[in-house]
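I would like the entire structure built from these sequences, with the hints used as guidance.
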Amino acid sequence: MSDDIIEKGQWEFFCNRLSGQLEGAQAEIEVASLNIGDQIQAEWVPLLGVTYDPKDDVVEIAVEGLDHIVREPGSLIVQRDGAMVESLAVETTAGERHIVRFRQPLSLPAPQAVRS
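In terms of this note's numbering, the sequence shown has 16 at position 16, counting the first letter as 1, and numbering is strictly consecutive.
Rather than coming from a laboratory, the hints here were simulated on the basis of the structure.
Virtual Cβ for every residue (Gly too), placed ideally from N, Cα, C.
Hints may contain errors.
Dumping the calculated EDC-like pairs for lysine to aspartate or glutamate here, alpha-carbon to alpha-carbon at most 16 Å [stated by the list, open to error]:
1) Lys55 with Glu72
2) Lys8 with Asp56
3) Lys8 with Glu64
4) Lys8 with Glu60
5) Lys8 with Asp53
6) Lys55 with Glu12
7) Lys8 with Asp57
8) Lys8 with Glu72
Quick list of the computed label-pair ranges, beta carbon to beta carbon [to be verified]:
9) Asp4 with Thr51: 17 to 23 Å
10) Met84 with Val45: 25 to 31 Å
11) Arg17 with Gly37: 29 to 35 Å
Have a look at this one:
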(Lines of atoms letter the chains of each structure in order from A and count residues from 1; the text may use other names and numbers.)
(Lines give C-alpha, C1' and ligand atoms only; values in the text may rest on other atoms or scores of the structure.)
Protein backbone atom coordinates (compact mmCIF):
# COMPACT_ATOMS: atom_id res chain seq x y z
CA MET A 1 0.00 0.00 0.00
CA SER A 2 1.13 3.55 -0.63
CA ASP A 3 0.06 6.93 0.69
CA ASP A 4 -0.01 9.89 -1.70
CA ILE A 5 -0.46 13.52 -0.66
CA ILE A 6 -2.53 15.38 -3.24
CA GLU A 7 -1.44 18.93 -4.12
CA LYS A 8 -4.11 21.49 -3.18
CA GLY A 9 -4.29 22.79 -6.76
CA GLN A 10 -5.40 19.28 -7.82
CA TRP A 11 -8.05 18.68 -5.13
CA GLU A 12 -11.09 19.62 -7.23
CA PHE A 13 -9.97 17.49 -10.19
CA PHE A 14 -8.91 14.59 -7.96
CA CYS A 15 -12.21 14.51 -6.03
CA ASN A 16 -14.24 14.57 -9.26
CA ARG A 17 -12.17 11.74 -10.71
CA LEU A 18 -12.36 9.75 -7.48
CA SER A 19 -16.17 10.05 -7.46
CA GLY A 20 -16.32 8.64 -10.98
CA GLN A 21 -14.00 5.75 -10.16
CA LEU A 22 -15.82 4.79 -6.98
CA GLU A 23 -19.37 4.99 -8.29
CA GLY A 24 -21.34 2.20 -6.63
CA ALA A 25 -18.79 1.70 -3.83
CA GLN A 26 -19.62 1.47 -0.14
CA ALA A 27 -18.06 4.03 2.22
CA GLU A 28 -17.35 4.37 5.90
CA ILE A 29 -16.61 7.82 7.38
CA GLU A 30 -14.63 8.18 10.60
CA VAL A 31 -13.67 11.43 12.34
CA ALA A 32 -10.73 11.47 14.75
CA SER A 33 -9.58 14.34 16.92
CA LEU A 34 -8.18 14.94 20.39
CA ASN A 35 -11.45 16.61 21.44
CA ILE A 36 -13.89 13.85 20.44
CA GLY A 37 -11.72 10.74 20.00
CA ASP A 38 -12.73 8.45 17.12
CA GLN A 39 -16.33 8.67 15.90
CA ILE A 40 -17.94 6.70 13.06
CA GLN A 41 -20.23 9.06 11.12
CA ALA A 42 -21.41 6.56 8.46
CA GLU A 43 -20.90 2.82 8.26
CA TRP A 44 -20.71 1.11 4.86
CA VAL A 45 -23.34 3.02 2.96
CA PRO A 46 -23.44 3.82 -0.78
CA LEU A 47 -21.09 6.62 -1.81
CA LEU A 48 -22.76 9.40 -3.79
CA GLY A 49 -19.67 11.53 -4.39
CA VAL A 50 -16.65 13.45 -3.12
CA THR A 51 -16.15 17.09 -4.07
CA TYR A 52 -13.87 19.99 -3.20
CA ASP A 53 -15.23 23.54 -3.41
CA PRO A 54 -12.25 25.93 -3.64
CA LYS A 55 -14.46 29.01 -3.22
CA ASP A 56 -15.72 27.92 0.23
CA ASP A 57 -12.64 25.74 0.95
CA VAL A 58 -14.66 22.66 1.93
CA VAL A 59 -14.51 18.97 1.09
CA GLU A 60 -17.91 17.32 0.83
CA ILE A 61 -18.37 13.57 1.14
CA ALA A 62 -21.91 12.60 0.19
CA VAL A 63 -23.15 9.15 1.15
CA GLU A 64 -26.66 7.80 1.36
CA GLY A 65 -28.31 9.56 4.31
CA LEU A 66 -25.43 11.95 5.12
CA ASP A 67 -23.75 14.99 3.58
CA HIS A 68 -20.43 15.15 5.47
CA ILE A 69 -18.72 18.56 5.22
CA VAL A 70 -15.05 19.09 6.13
CA ARG A 71 -14.24 22.76 6.70
CA GLU A 72 -10.73 24.22 6.43
CA PRO A 73 -9.04 21.15 4.95
CA GLY A 74 -5.26 21.26 5.20
CA SER A 75 -4.30 18.12 3.32
CA LEU A 76 -5.75 15.24 1.29
CA ILE A 77 -4.01 11.89 1.61
CA VAL A 78 -5.06 8.93 -0.51
CA GLN A 79 -4.12 5.37 0.36
CA ARG A 80 -3.86 2.99 -2.59
CA ASP A 81 -3.34 -0.71 -3.01
CA GLY A 82 -2.05 -0.85 -6.57
CA ALA A 83 -4.59 0.99 -8.72
CA MET A 84 -7.38 0.62 -6.12
CA VAL A 85 -8.13 3.51 -3.75
CA GLU A 86 -8.56 2.10 -0.25
CA SER A 87 -9.16 5.33 1.67
CA LEU A 88 -9.05 9.11 1.63
CA ALA A 89 -7.96 11.11 4.67
CA VAL A 90 -8.78 14.80 4.97
CA GLU A 91 -6.78 16.56 7.66
CA THR A 92 -8.04 19.95 8.81
CA THR A 93 -6.03 22.94 9.96
CA ALA A 94 -7.69 22.43 13.40
CA GLY A 95 -6.16 18.96 13.76
CA GLU A 96 -9.17 16.78 12.88
CA ARG A 97 -8.72 13.76 10.62
CA HIS A 98 -11.68 12.66 8.49
CA ILE A 99 -11.09 9.19 7.06
CA VAL A 100 -13.24 7.74 4.30
CA ARG A 101 -12.72 4.05 3.61
CA PHE A 102 -14.00 2.49 0.40
CA ARG A 103 -14.96 -1.00 -0.66
CA GLN A 104 -16.67 -2.34 -3.73
CA PRO A 105 -19.87 -4.32 -3.19
CA LEU A 106 -19.50 -8.04 -3.70
CA SER A 107 -20.72 -9.44 -6.98
CA LEU A 108 -22.47 -12.70 -6.24
CA PRO A 109 -23.46 -15.15 -8.94
CA ALA A 110 -27.15 -15.48 -9.74
CA PRO A 111 -28.84 -18.18 -7.65
CA GLN A 112 -29.18 -21.52 -9.37
CA ALA A 113 -32.63 -23.00 -9.71
CA VAL A 114 -33.11 -26.13 -7.65
CA ARG A 115 -34.67 -28.99 -9.55
CA SER A 116 -36.64 -31.59 -7.75
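Hints, one by one, checked against the model:
1. Restraint check for Lys55 and Glu72: satisfied, since their Cα atoms lie roughly 11 Å apart, inside the 16 Å limit.
2. At roughly 14 Å between alpha-carbon atoms, Lys8 and Asp56 fall within 16 Å of each other, so this suggested pair holds.
3. Simply put, Lys8 and Glu64 have alpha-carbon atoms about 27 Å apart, too far for the 16 Å limit, and the pair is violated.
4. Restraint check for Lys8 and Glu60: the C-alpha separation of about 15 Å stays at or below 16 Å, so the hint holds.
5. As the CA atoms of Lys8 and Asp53 are separated by approximately 11 Å, the hinted pair is consistent with the 16 Å bound.
6. The straight-line distance between the Cα atoms of Lys55 and Glu12 is roughly 11 Å, inside the 16 Å bound, and the hint therefore holds.
7. Of the supplied pair hints, the one linking Lys8 and Asp57 holds, its CA atoms being roughly 10 Å apart against a limit of 16 Å.
8. Restraint check for Lys8 and Glu72: the C-alpha separation of about 12 Å stays at or below 16 Å, so the hint holds.
9. The hint said 17 to 23 Å for the Cβ distance between Asp4 and Thr51, and at roughly 19 Å that hint holds.
10. For Met84 paired with Val45, a C-beta distance near 19 Å fails the hint of 25 to 31 Å.
11. At about 32 Å, the beta-carbon gap between Arg17 and Gly37 stays in the expected band of 29 to 35 Å.
The earlier numbered hints that this structure contradicts are 3, 10.
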